[in-house]
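Same order as they appear, the protein sequences are chains A and B.
Its first residue numbered 9, the first sequence is counted upward by one per residue in our numbering.
Its first residue numbered 22, the second sequence is counted upward by one per residue in our numbering.
Hints may contain errors.
[What the hints assert, rightly or not] Here chain B is said to cover these stretches of chain A; the calculated rule only asks that three of the stretch's residues, wherever they fall, bring their Cβ under 8 Å from a Cβ of chain B: (1) 44-55; (2) 92-99.
[To be verified] Below are the BS3-like pairs computed for lysine-lysine, each with C-alpha atoms no more than 25 Å apart in a straight line: (3) A:80 - A:135; (4) A:135 - B:74; (5) B:69 - A:80; (6) A:135 - B:69.
Hints listed in this document are in silico derivations from the structure and should not be mistaken for laboratory results.
All figures in this text were calculated on a predicted structure; none of them were measured in a lab.
Virtual Cβ for every residue (Gly too), placed ideally from N, Cα, C.
These are the residues of each chain, in order.
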Amino acid sequence: MSDLAAKKKRPLWYNLSPLSLPLPGLVSILHRASGALLFLGLVWFLFLLDMSLGSETGFARARAYVGHPLVKLSLLGFLWAYLHHFCAGIRYLFLDIDKGVDLPAARLSSYAVLAVSLALTALLGVKLW
Amino acid sequence: MKRTVVGAHYGLSGWLAQRITALVMALATIVIVCGIWSASPPDYAAWKGLFGKWWMFLSLSLFLPSVMLHAWVGMRDILMDYIKPTGIRLALEIATLLALVFYTVWAMQILWRN
Numbered sequence: 009m010s011d012l013a014a015k016k017k018r019p020l021w022y023n024l025s026p027l028s029l030p031l032p033g034l035v036s037i038l039h040r041a042s043g044a045l046l047f048l049g050l051v052w053f054l055f056l057l058d059m060s061l062g063s064e065t066g067f068a069r070a071r072a073y074v075g076h077p078l079v080k081l082s083l084l085g086f087l088w089a090y091l092h093h094f095c096a097g098i099r100y101l102f103l104d105i106d107k108g109v110d111l112p113a114a115r116l117s118s119y120a121v122l123a124v125s126l127a128l129t130a131l132l133g134v135k136l137w
Numbered sequence: 022m023k024r025t026v027v028g029a030h031y032g033l034s035g036w037l038a039q040r041i042t043a044l045v046m047a048l049a050t051i052v053i054v055c056g057i058w059s060a061s062p063p064d065y066a067a068w069k070g071l072f073g074k075w076w077m078f079l080s081l082s083l084f085l086p087s088v089m090l091h092a093w094v095g096m097r098d099i100l101m102d103y104i105k106p107t108g109i110r111l112a113l114e115i116a117t118l119l120a121l122v123f124y125t126v127w128a129m130q131i132l133w134r135n
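Based on the sequences and whatever the hints tell you, model everything.
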């Protein structure tokens, strides 16, 4: 087999695993995943809001429930999902009006989305804890 | 005749609604987070009082229905992308829509009970 034939060997196998996604791609799929997660969590948030606002005993029950470590951990997860969705969403609104669409800016802003949402999760998480 | 069950006319309005609700929610989020931040750790009276404040009430009244519309557009996109069999997709879309309608009524009831 000549060199050329070796170079043109088919089929080509591209590595499409999420781990090799470029940064804007990672932000994009996390935006979708966090959105789906928030939709699924919606019923739970409404349940908590309803219970805590319903009565004095409901408030005490909600408070004890939220104090459980597993519930706190889930809330922290949802908090990250919300903040990531929030930050990535603002980035998309800017992309929609053609701001920051060139590659270096898009990479930088997707990095900022990941960093800011994690930092805010830590900040609000510490406050809630 | 072979037909495909997809929308023809509501793509743009869905796209626009998703972005307008996103903007509304982003602004409301800042107000709501500031409100909760300033009230914590609350007792029941302070918590109930917080949700009775006009700016909190206004923000939530805009936020909660916006979430439902926003979630509908987003979930519909996800279902259209990943669920290929038309029957299953339609069933999931109907379930999503009914859940969101129910949540909207529930959310309004929680808000206006105060």
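(message) Name the hints, by number, that the structure is in violation of.
(response) Violated: none.
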